[in-house]
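Engineer: Required output: the full structure, derived from the provided sequences and hints.
Sequences listed follow chains A and B, in order.
Here this note's numbering runs 26 ahead of the position in the first sequence, where the first position is 1.
Here this note's numbering runs 248 ahead of the position in the second sequence, where the first position is 1.
Derived by calculation from the structure, the hints in this document are not laboratory data.
Just so you know, these numbers come straight off a predicted model, no measurement behind them.
Honestly, I wouldn't trust all of these hints.
[Said to hold, decoys possible] Below, a sample of chain B positions facing chain A; criterion: calculated Cβ distance under 7 Å: (1) PRO420; (2) VAL421; (3) HIS424; (4) GLU428; (5) ASP448; (6) ALA466.
C-beta: ideal position from N, C-alpha, C; glycine also.
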Amino acid sequence: MHETSVTTRELTRRFGRFVAVDRVSIEVGSGEIFGFLGANGAGKTTLIRVLCGLLKPTTGEATVAGYDVYTQSERIKQNIGYMSQRFSLYEDLTVAENIEFYGGIYGLARTKLRQKEKEILKNFGLHRHADSLTAGLPFGFKQRLALGCAMLHEPPILFLDEPTSGVDPRARREFWDTIHETAGRGTTVLVTTHFMEEAEYCNRVLIMHVGRIIALDTPDALKSRFEKRTMQEVFLELVGKEIGETRTRGQHGEQGEKP
Amino acid sequence: MTAPETRGIQITNFRKLYGKTEAVKEVSLSVERGELFGLIGPDGAGKTTLMRAVCTLLVPDGGTVLVQGRDAARDIAAVRARLGYMPQRFSLYQDLTVEQNLRFFADLFQVRQKEREGRLEELYRFSRLGPFKKRRAGALSGGMRQKLALSCALVHTPETLVLDEPTTGVDPVSRHEFWEILRAIQKEGTTILVSTAYLDEADRCDRVALMHEGRIVAVGTPEEIKAGFRHVLYRLAGRDARELRRFFSGLPQVHSTQLFGDAVHVVFAKKPGQSDWEEWRHALEGKLEHWSPERPSVEDVFLELIGSGR
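Structural biologist: Here's what the structure looks like:
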């Protein structure tokens, strides 16, 4: 983790008078697995959208893969991979066909595509399923295929948006194995989750509340600082009470719903 | 042996098939009256099927389900009258307010007029929804909607409450609040059967059953479950976690390994001795800096039980 992959300085995004992201400064190193935690409405979605080049900041600075979020958002989009809980896979195509389809979208040359296809099938444990229909695959396989497709253009940065909520623990651990291997090859992985067990897999986590950073450290350091056994307990300690108060005042928790 | 009628829920050799698929295979389980009992397992483990049987909503292909001593497949009306059920996909009336939804369910369950107002006040207190009485259900946050659905299931003061994955997709603060509410309801004397796919929520229950592929693989208090871990878990840290993992996953006495951020969890078949550690530290040329026994989580036990080793 020598080079920085994502840097923000006093990054702020307002919507009218509402400050969604409030003076956030972070540095994420290459090959790091970095988690964004926060309850609904904490500002993580807005921050991620800025870092994906989808939204301009109001003030402050940010570079992603060396590109400026104000002026080079197109370059940023070409340099990131994005995967969410809802995979955008074609269920009635085979595994190999999905890879070929996405390769086409990313404009990969024929030989490059062949090479990437082999690599994905091998690295993500899908080689025996190349000709299987995507619809019939178990969840964990679909998830790895979606991850492979999101990385066909070899982005240096990968965004995982609520990647594995509620799946079976074996599939989740295998998925995180894949993520760790991917990071081991130098890819920076940015993850949003409100599933605190998942925070334990990150190298460092950022905890946000009403747009601000309230903690930024390794899970181990946070647990020992607050003398807690799990990230869930750390999170409740840090965020719980404040949220309880804002909720009873009836000003919170209206947006950012997951169906 | 406790007489069946004093039991909360008594499930004996229950089986359910969907076509040729056996969703639940010969499951037996007792939930004590007044207990907060968790059914824990991943999607497809059979939790919903079992809960629907308790709620009189399906006919078993074998075995019996008794709820407060009454047969859920025969004595349907009597079981339902004393049972509250919050399904995974509950329906609230989106364009009715919190209060209108509650009153609607109170009408459905024929809650008597003189008891009604007092019950609604209790529910507002439990759920902390009092300040939001006039808000439309459609305008509530996920956590609040969940609490309203719970309140609707409780409006007739049921003896037994069945909740199917009430905390799925809910943020961690609301999840925490939700479990506190369940504890408060339990203090009223209600028997609670709740399912979850989050294994860490086992710790919130008095007792749990871990389910996997239609079977119960373990039953007990969370502490009993964790004490059932047969291997030895260590947490290792050092300069290069990936290198540590590669090294340990190649050892014959290692059952499985998992990276957690900068640390590695290693499951050993038996406890390594001091000399083993010295040897490994030497072999790793100083890359291994810390090691300490780690208490296994319910997830570790679950993975051990379903035989997921690498």
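Engineer: Does each hint hold? Answer for all of them.
Structural biologist: Structure-based check of all given hints:
Given the 7 Å rule on beta carbons, the hint for B:PRO420 holds: about 5 Å separates it from the nearest Cβ of chain A. The interface hint given for B:VAL421 holds, since its Cβ lies 5 Å from the closest Cβ of chain A, which is under the 7 Å cut-off. Given hint, B:HIS424 at the interface with chain A, holds; its Cβ is 6 Å from that chain's nearest Cβ, closer than 7 Å. Here the hint on B:GLU428 is broken, as its CB sits about 11 Å from the closest CB of chain A, past 7 Å.
Annotation: interface hint on B:ASP448 holds; nearest CB of chain A at approximately 6 Å, less than 7 Å. Nearest Cβ of chain A to the Cβ of B:ALA466: about 14 Å, over the 7 Å cut. The hint is violated.
Hints 4 and 6 from the earlier list are contradicted by this structure; the remaining hints agree with it.
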